Every structure is written in structure tokens, then in C-alpha cells.
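Protein chains in written order, with this note's numbering: chain A, 1 to 112; chain B, 1 to 113.
Simulated from the structure, these hints should not be mistaken for laboratory data.
Keep in mind it's a predicted model, so treat the numbers as computed, not measured.
Note that beta-carbon positions come from the ideal geometry of N, C-alpha and C, so glycine has one too.
A portion of the hints provided could be inaccurate.
Stated by the list, open to error - To be clear about the criterion: a stretch of chain B counts as covered by chain A if any three or more of its residues have a C-beta under 8 Å from a C-beta of chain A, and this derived list gives those stretches:
| # | stretch |
| --- | --- |
| 1 | 43 to 50 |
| 2 | 98 to 109 |
Unchecked claim - Calculated lysine-lysine pairs in the BS3-like style (CA-CA distance at most 27 Å, straight line):
| # | chain 1 | residue 1 | chain 2 | residue 2 |
| --- | --- | --- | --- | --- |
| 3 | A | K57 | B | K57 |
| 4 | A | K57 | B | K100 |
| 5 | A | K57 | B | K71 |
| 6 | B | K100 | B | K71 |
| 7 | B | K100 | B | K57 |
| 8 | B | K100 | B | K1 |
| 9 | B | K71 | B | K1 |
| 10 | B | K57 | B | K71 |
| 11 | A | K13 | A | K57 |
The residues making up each chain are set out below.
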Amino acid sequence: KAGVTQTPRYLIKTRGQQVTLSCSPISGHRSVSWYQQTPGQGLQFLFEYFSETQRNKGNFPGRFSGRQFSNSRSEMNVSTLELGDSALYLCASSGTLGGEQYFGPGTRLTVT
Amino acid sequence: KNQVEQSPQSLIILEGKNCTLQCNYTVSPFSNLRWYKQDTGRGPVSLTIMTFSENTKSNGRYTATLDADTKQSSLHITASQLSDSASYICVVSAQTNDYKLSFGAGTTVTVRA
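Working from the sequences, and respecting the hints, build out all of it.
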């Protein structure tokens, strides 16, 4: 079974731009969660989607948004990028709510 | 507030030696506790997942323990190898409608030859 895939793997943007990251969950998984990871903060929860509905949301500004499609693929968008948005963005899928999460390799975003 | 505290923040050990990582949590009501291994620049990979009734669970050279009464868990690495160099993250799930996860900051383990 193929694992969680994220695209792109690396991205460089400038301040003020917007970015869209994509995540394809493991086949059959309906839950997709997004996390931001920075060296000093560890893993920070962004949001979770289940069957196209946002179930949970972390404490991030409205510049961070996401959505999930009917095939469970998910996208995350960050608008008006700031230098502090530079991080590894991880996506994790799960077969059920609260079930074991399987992480993708992440997208390394650098904002200059 | 649900919190997960890990210690030490980092440690260095010699190849072949054992080490133990600690995780203390205040998450309530408790559902399960997970240990993940994260290699640099990669996504975390699950090592173990433990529920309330489980005290010990092993995955190869990794052994996790759980004391639900004291809300403490440990991850023991036996006969460390260079490939064990990674960050180890403790994650606790709450038994709530949204199964909220609380993440520890991780322990960075460096194994030296």
C-alpha cells in the first residue's frame, strides 16, 4: 500500500506570496491532519479533515486554511507569507478519527 | 490544559549502549500514548501505541512502558545503533469526541561510534 505523499517536497517563496501544499493520504484513509514543525516549537497542529469536513483546528491565524476533496486528498494554503512561516509542513492520514496516524515526508517551505 | 513533557531535551550515547527517554503527561481523559521516531528532514514514524491497559510494548530494540496512574511513559532503546539517531516524540490522545492529540517537544538522540 502506498504511503502518504506530499507535494512539493521543497518550496521557496518570498514574503507576501501565497502557497498551496498538497497531501494524498493512504488509500482508504479519510482523515487528514496537517502540522507545522519548526526547530524551536516541535510539532504544532494546524487542522484535521475527515470526509471533507474540518473537524479540528489549531491556534493558527486565518492565513492558514485547508480543504479536503471527495477523494480524501487535502490541500493547505498559506496566504501573505511571513518569514516565520518557514517550516516543515507535515501531513498525516488515519483510517479513523483518533486512529493511528501515518505521516508523509513533509514539505519544506522557506520564506525569504 | 493538556500537556506532554519530554525529557531529556537531547542526549548523546555511544553505539551499543542503552538509553531511556521520559514522557510525562496531564492529558485527561486518556485514550492512548504513542511514540514516534523522526529522522532529520523526514516525517515521524510510529514505534508503539499503548492504551490504558497496556504496561509494556516492544518493537524490536524499542520498549515503551506506560504507568497510567502516574501518567508517565518511557521509551527504552537497547543496544543503540547509529541509525537510532533521531528525534523521538511522545504523543498522547484524549478520549474526547475530537480525539485531540497533544505532542511533546521531542528528545533528540545522537548515537556516536
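The hints, checked one at a time:
Requiring three or more residues with a Cβ within less than 8 Å of a Cβ of chain A, the coverage given for the stretch 43 to 50 of chain B holds, as 5 such residues are present. For the stretch 98 to 109 of chain B, the stated coverage by chain A holds: 8 residues have a C-beta nearer than 8 Å to a C-beta of that chain, and at least 3 were required. At most 27 Å may separate the alpha-carbon atoms for a hinted pair to count; K57 (chain A) and K57 (chain B) exceed this at roughly 31 Å. A C-alpha spacing of about 10 Å is found between K57 (chain A) and K100 (chain B), which places the hinted pair at or below 27 Å, so the restraint holds.
At roughly 26 Å between alpha-carbon atoms, K57 (chain A) and K71 (chain B) fall within 27 Å of each other, so this suggested pair holds. For the proposed pair K100 (chain B) and K71 (chain B), the alpha carbon gap of about 17 Å is at most 27 Å, so the pair holds. A C-alpha spacing of about 23 Å is found between K100 (chain B) and K57 (chain B), which places the hinted pair at or below 27 Å, so the restraint holds. Between the alpha carbons of K100 (chain B) and K1 (chain B) the distance comes to roughly 12 Å, so the proposed pair stays at or under 27 Å and holds.
Straight-line distance between C-alpha atoms of K71 (chain B) and K1 (chain B) comes to about 14 Å, which keeps the hinted pair within the 27 Å bound. Between the alpha carbons of K57 (chain B) and K71 (chain B) the distance comes to roughly 16 Å, so the proposed pair stays at or under 27 Å and holds. Distance hint between K13 (chain A) and K57 (chain A) is fulfilled; the C-alpha atoms sit about 25 Å from each other, no more than 27 Å.
The structure fails to meet hint 3 from the earlier list, while all remaining hints are met.
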